[in-house]
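Modelling step: build the complete structure from the supplied sequences, incorporating the hints.
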Amino acid sequence: MPERMVTVDEARDIALSLPGAEQRGHFDVVDFRVRNRIFCTLPPEGDRMTIRLTPEEQAELLAERPSVFSAPANHWGRRGWTVVRLAGADAGQLRELVTDAWRRLAPKGLIDR
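Every letter in the sequence shown is one number past the one before it in the numbering used here, and letter 23, counting from 1, is 1225.
Hints may contain errors.
Said to hold, decoys possible - Computed Cβ-Cβ distance ranges for the label pairs, DEER-style:
| hint | residue 1 | residue 2 | range |
| --- | --- | --- | --- |
| 1 | S1269 | I1313 | 17 to 23 Å |
| 2 | D1249 | L1218 | 16 to 22 Å |
| 3 | E1298 | R1239 | 16 to 22 Å |
Think of the hints as simulated: they come from the structure by calculation, not from any bench. Keep in mind it's a predicted model, so treat the numbers as computed, not measured. Just so you know, even glycine gets a beta-carbon here, dropped at the ideal spot from N, CA and C.
See below:
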């Protein structure tokens, strides 16, 4: 269990620290993209982050910590998109998950930086 909640500003900083990452938005959600492809989002409530994971990664996290990780009940959830409750998130693990999501979409030239 983390000692304190990961703040929305910390979650945003993690996403924007990655090479080529840009903050944009669609509808009422802030999204983070690399080469115009979304790798994570922050809803306006600011209490969670949704990350583009693989279905296999998602299944592991849901089994490991269901109080922190959940799957949206729609086709995005079935594709691996995973909701992380920031109040229970570990900052190091969040950074690792966001980085992995970014890495799957980033061009090789950015990954090698």
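Checked hints:
With their beta carbons about 32 Å apart, S1269 and I1313 fall outside the hinted range of 17 to 23 Å. As the Cβ distance of D1249 to L1218 is approximately 19 Å, the hint placing it in 16 to 22 Å holds. In this structure the hint that E1298 and R1239 lie 16 to 22 Å apart at CB holds, the actual value being about 19 Å.
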